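Undergrad: Chains as they are written, first to last, in our numbering: chain A, 1 to 220; chain B, 1 to 220.
Hints may be right or wrong, so weigh each one.
Between beta-carbon pairs, the in silico distance windows are [said to hold, decoys possible]:
#1 Pro-13/B - Asp-207/A: 54 to 64 Å
#2 Gly-57/A - Pro-59/B: 17 to 27 Å
#3 Glu-23/A - Pro-163/B: 44 to 54 Å
#4 Asp-71/B - Thr-164/A: 23 to 33 Å
#5 Ala-31/B - Ala-92/A: 27 to 37 Å
#6 Lys-18/B - Val-44/A: 53 to 63 Å
#7 Tyr-19/B - Arg-22/A: 40 to 50 Å
#8 Met-1/A - Thr-16/B: 29 to 39 Å
#9 Glu-133/A - Glu-38/B: 25 to 35 Å
#10 Tyr-91/A - Gly-11/B: 24 to 34 Å
#11 Ala-30/B - Ala-106/A: 40 to 50 Å
Heads up, incomplete: computed chain A residues facing chain B, CB under 8 Å, no partners named [claimed, not checked]:
#12 Tyr-19
#13 Leu-125
#14 Ile-137
#15 Leu-188
#16 Asp-195
#17 Asp-203
Calculated directly from the structure, the hints in this document are not laboratory data. A quick note: this is a predicted structure, and the numbers were derived from the prediction, not measured. Backbone N, C-alpha and C fix where the C-beta goes; we use that ideal spot for every residue, glycine too.
Number of protein chains: 2
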Amino acid sequence: MRVSELVVVSGVPLATVKYYLREGLLMPGAASSATQSEYGEEHVRRLALIKALAGAGLPINRIRTIVGLVDTPADTVFETLGRALAALPPYAAEAGGPDEYPRARAVLERLGQVYDPTYPAVAQLERALAAAEDVGIPMTSERLDAYAPHVRAIAEVDLQLMPTDSVASAVEYAVLGTVIYEPVLAALRRLAHQDLGAGMFADRTFDTVATPDPHEQDDQ
Amino acid sequence: MRVSELVVVSGVPLATVKYYLREGLLMPGAASSATQSEYGEEHVRRLALIKALAGAGLPINRIRTIVGLVDTPADTVFETLGRALAALPPYAAEAGGPDEYPRARAVLERLGQVYDPTYPAVAQLERALAAAEDVGIPMTSERLDAYAPHVRAIAEVDLQLMPTDSVASAVEYAVLGTVIYEPVLAALRRLAHQDLGAGMFADRTFDTVATPDPHEQDDQ
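Between the sequences and the hints, there should be enough to build the whole structure, so can you do that?
TA: Here is the structure:
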């Protein structure tokens, strides 16, 4: 197809297609004349990936990292997917050294998980745990031990459903599945709270669940 | 304590404390003279809540809704917590009618959950499911059935650990626990992927996991 058709099929404006071509994110078409190129399914697929990543908030240099790994994978599947996933938001201001992230490391060691201390999700976990501590709901061993098997089971589902027919399919699934399913899972958790709460609290007032507040007693 | 001490203890600047007093988010202190007020633990606690909610991205009118429910709860625990939780981000551009959110409703009906169709998490789930569909990884019944019991189990942990000693404790826990633990759970999922991937893919190249890509075959 010509570039005009690629614009229609992909839903990406011509100026943006040209920008992605200049930036090397989209591979060139096959020259069909001095002024025209021919594009195919691989271009449609690549534009869909770029569009989805841009929509998820990735800056152009991070998108380049991911499409680069689709075109030239690292030595192993693990390293290819790991590098692609490390390009996802949220981004920390700066990466910490190996002795940092004490909260995240304590959690990962309690769980006995293999982890790369420079992997961005470690810094992300550290910030999230520090925020929980700040608001007075720190991660306790009780909460961690109760959450962990279920988080792991969800991650197992993700890996079981990963397509392995090509590098492109695997990388696309890993990066998009990671970012796109986070809000799905967050919304499902909020709705599970509502369903469970309806069962536990529907007709109850605070008088029937609450014991006296020690703060209020202090004032009496 | 005087307002100057409240500033030190809470870590909230004086101008901001005054702003919260004017806006009615922070309850007035007890007048100890014509020009001075006396503040206590309830003011420290309220400032911590406001600070945490502002840090989570809530605008002032949404924070007012939540502190209003702490001071004047609705008739039941369920309604009080539901209204407080409905004030949390992310915010949709506009609420949909009862016939909207077809994807979210299909999911909730498959799960057999009680839900309020006007609850913001329904719109949030709809947007997240539409995004997953757009990038070619739609929620399937297989994925939903595999995720759902684990999401529910996580939500059960959240409710089991909820303090019920006072309205303030319950509301604070519900709103902060919901928003603050979403990034914790997201980071734990990413790290579980890494741990599981290390076991499955550590030494494997794409040649050993991949079957021929039909797209690549087309080109040959």
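Undergrad: Which of the numbered hints are not met once you compare them with the structure shown?
TA: 1, 4, 5, 8 and 12
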